[in-house]
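Assemble the whole structure, with the sequences as input and the hints as a guide.
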Amino acid sequence: MSYILGHSAAEPGWYVITVGGECDLNAAPSLSVAVEAAFQRGVDTMVVDLKETTFIDSTAIGVLLAARERLRGSGGRFEVVCGTPNVVRVLEIVGVETVAGVP
Amino acid sequence: MLACPERLELPADPSELVTARRFADCAAARFGLDEPERYQFTFAANEAVSNAIEHGEPSPEGTIRIHVAEEDGALVFEVEDHGTFAPSPAALDPLPERGRGLAFMAATVDEVDVRRSVSGTVVRLCKRRAAAA
Numbered sequence: 001m002s003y004i005l006g007h008s009a010a011e012p013g014w015y016v017i018t019v020g021g022e023c024d025l026n027a028a029p030s031l032s033v034a035v036e037a038a039f040q041r042g043v044d045t046m047v048v049d050l051k052e053t054t055f056i057d058s059t060a061i062g063v064l065l066a067a068r069e070r071l072r073g074s075g076g077r078f079e080v081v082c083g084t085p086n087v088v089r090v091l092e093i094v095g096v097e098t099v100a101g102v103p
Numbered sequence: 001m002l003a004c005p006e007r008l009e010l011p012a013d014p015s016e017l018v019t020a021r022r023f024a025d026c027a028a029a030r031f032g033l034d035e036p037e038r039y040q041f042t043f044a045a046n047e048a049v050s051n052a053i054e055h056g057e058p059s060p061e062g063t064i065r066i067h068v069a070e071e072d073g074a075l076v077f078e079v080e081d082h083g084t085f086a087p088s089p090a091a092l093d094p095l096p097e098r099g100r101g102l103a104f105m106a107a108t109v110d111e112v113d114v115r116r117s118v119s120g121t122v123v124r125l126c127k128r129r130a131a132a133a
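One line per chain: the protein sequences are A and B, in this order. For the first sequence, this note's numbering assigns the number 1 to the initial residue and increments by one for each residue that follows. For the second sequence, this note's numbering assigns the number 1 to the initial residue and increments by one for each residue that follows.
Pairs of lysine to any residue, SDA-like flavour, derived with a Cα cap of 25 Å:
hint, chain 1, residue 1, chain 2, residue 2
1, A, Lys51, A, Arg77
2, A, Lys51, B, Pro14
3, A, Lys51, B, Val18
4, A, Lys51, B, Ser15
5, A, Lys51, B, Asp34
To be clear, the hints were calculated from the coordinates, so they are not data collected in a lab. A quick note: this is a predicted structure, and the numbers were derived from the prediction, not measured.
Set out below in structure tokens:
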């Protein structure tokens, strides 16, 4: 698993975490580090881009759900962008809504 | 694809999950699950092995045992460890929002059975082909 934490200078508080590869128990700590880095920099809109993610497990989904709760609690926004049909389907089954493109 | 192994022993380490997923995916393909079901089966198998790695203790030889079989028209995946499947204390858990594994397994395969005994825990997953469901 690899990730890129992206930020636009034009939109303060807007961060995109782009996750590539297989996101499992072995990789979830790295995802957690990326999420935490965004919070420390004052994220108010977090976009998690899973278009290049081929696998995601409950641990990684848990990290995303925790980030969503934290942002909603502070009036922020959280979106998951997803392109892989298999990953979209699993996220739907477990109750994570996704959008088609980066908002 | 047809020469998938039926048994696998892995060290109890998260870096071994990729091997467990390849094993499950090969078995699902050979069994004839369609693409979405195959992915869901592998997803559930990954959760079961993750639980064994996290909460179980490896066998005396230091491994987790995995077995796949066809029974009554269903694909069965069994993971055996020698722990008690007790969730780790939340305070010691560096990752938030854990413990969804069992619910996720139940949502992606037809049957989930957890058998605990003094010698360890066996998690058994069962998935049928869509046409037969």
